[in-house]
Amino acid sequence: DQQVKQNSPSLSVQEGRISILNCDYTNSMFDYFLWYKKYPAEGPTFLISISSIKDKNEDGRFTVFLNKSAKHLSLHIVPSQPGDSAVYFCAAETGGTSYGKLTFGQGTILTVHP
Amino acid sequence: DGGITQSPKYLFRKEGQNVTLSCEQNLNHDAMYWYRQDPGQGLRLIYYSQIVNDFQKGDIAEGYSVSREKKESFPLTVTSAQKNPTAFYLCASSKTGGMDGYTFGSGTRLTVV
Numbered sequence: 001d002q003q004v005k006q007n008s009p010s011l012s013v014q015e016g017r018i019s020i021l022n023c024d025y026t027n028s029m030f031d032y033f034l035w036y037k038k039y040p041a042e043g044p045t046f047l048i049s050i051s052s053i054k055d056k057n058e059d060g061r062f063t064v065f066l067n068k069s070a071k072h073l074s075l076h077i078v079p080s081q082p083g084d085s086a087v088y089f090c091a092a093e094t095g096g097t098s099y100g101k102l103t104f105g106q107g108t109i110l111t112v113h114p
Numbered sequence: 115d116g117g118i119t120q121s122p123k124y125l126f127r128k129e130g131q132n133v134t135l136s137c138e139q140n141l142n143h144d145a146m147y148w149y150r151q152d153p154g155q156g157l158r159l160i161y162y163s164q165i166v167n168d169f170q171k172g173d174i175a176e177g178y179s180v181s182r183e184k185k186e187s188f189p190l191t192v193t194s195a196q197k198n199p200t201a202f203y204l205c206a207s208s209k210t211g212g213m214d215g216y217t218f219g220s221g222t223r224l225t226v227v
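Note that the protein sequences, when read in sequence, are chains B and C. The letter at position 76 of the first sequence is residue 76 when you use my numbering, and the numbering goes up by one with no holes. The letter at position 64 of the second sequence is residue 178 when you use my numbering, and the numbering goes up by one with no holes.
It cannot be assumed that every hint is accurate.
[Stated by the list, open to error] Okay, derived cross-link-like pairs now, DSSO-like style, lysine-lysine, Cα gap no bigger than 27 Å in a straight line: (1) Lys56/B x Lys209/C; (2) Lys37/B x Lys128/C; (3) Lys54/B x Lys37/B; (4) Lys68/B x Lys5/B; (5) Lys171/C x Lys5/B.
[Stated by the list, open to error] Chain B residues, not near chain C, derived (Cβ > 10 Å throughout): (6) Thr45; (7) Pro82; (8) Thr103.
None of these hints come from the bench; they were simulated from the model. Even glycine gets a Cβ: it sits at the ideal position worked out from N, Cα and C.
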């Protein structure tokens with residue numbers, strides 16, 4: 001049962017343009033969402049997060065949007081840079097007794113061409 | 115510098131052998147986690163521990179065991195009962211659950227030969 005899904009295995013964009021990575025979830029108990037970036041043979045690094053009480057959170061070039069009614073979140077990167085090329089994972093947390101336990105999507109490989 | 119250290123980076127194991135992956139953190143984090151990454155499947159939770167001397171099974175705990183005798187250390191043993199152990203293993207820690215974000219180690223690539 002895949003509770004967090006990233007339906008696009010890969011995305012290719014030109015440098016300077018916007019990258020939009022999407023994530024869908026099925027569990028309405030998720031109350032916190034996070035995005036991670038991962039390079040090959042390295043551990044993921046935390047990028048940005050959003051609470052379920054918000055619909056937008058911005059940090060520099062990265063903005064995360066949450067649409068609770070659609071159970072959908074997206075990560076916007078503007079402008080995209082070649083160094084952004086990596087695998088991006090969305091993750092979600094339910095809190096309560098599962099506090100701290102994250103459920104991850106399958107990941108989307110982003111390639112930014114110079 | 116604070117962080118999480120996983121060792122070794124690459125590990126080869128013969129079928130039928132148990133092997134232990136090390137994970138040490140000096141971030142003073144209470145919670146620690148083990149994830150497994152397979153191609154196209156994202157990260158799947160094996161075990162997690164929110165305090166010393168306590169841990170819970172994740173989604174794919176069968177064939178694995180852990181201990182949490184010290185706050186800084188959370189070793190993972192891959193036993194011979196694990197049917198498909200070849201994977202990339204990631205250890206993580208967090209201060210107050212997931213809301214602060216995890217800090218991940220650099221991973222251990224385990225290959226069964």
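Subject >> Earlier hints that do not hold, by number >> reply: 2, 6 and 8
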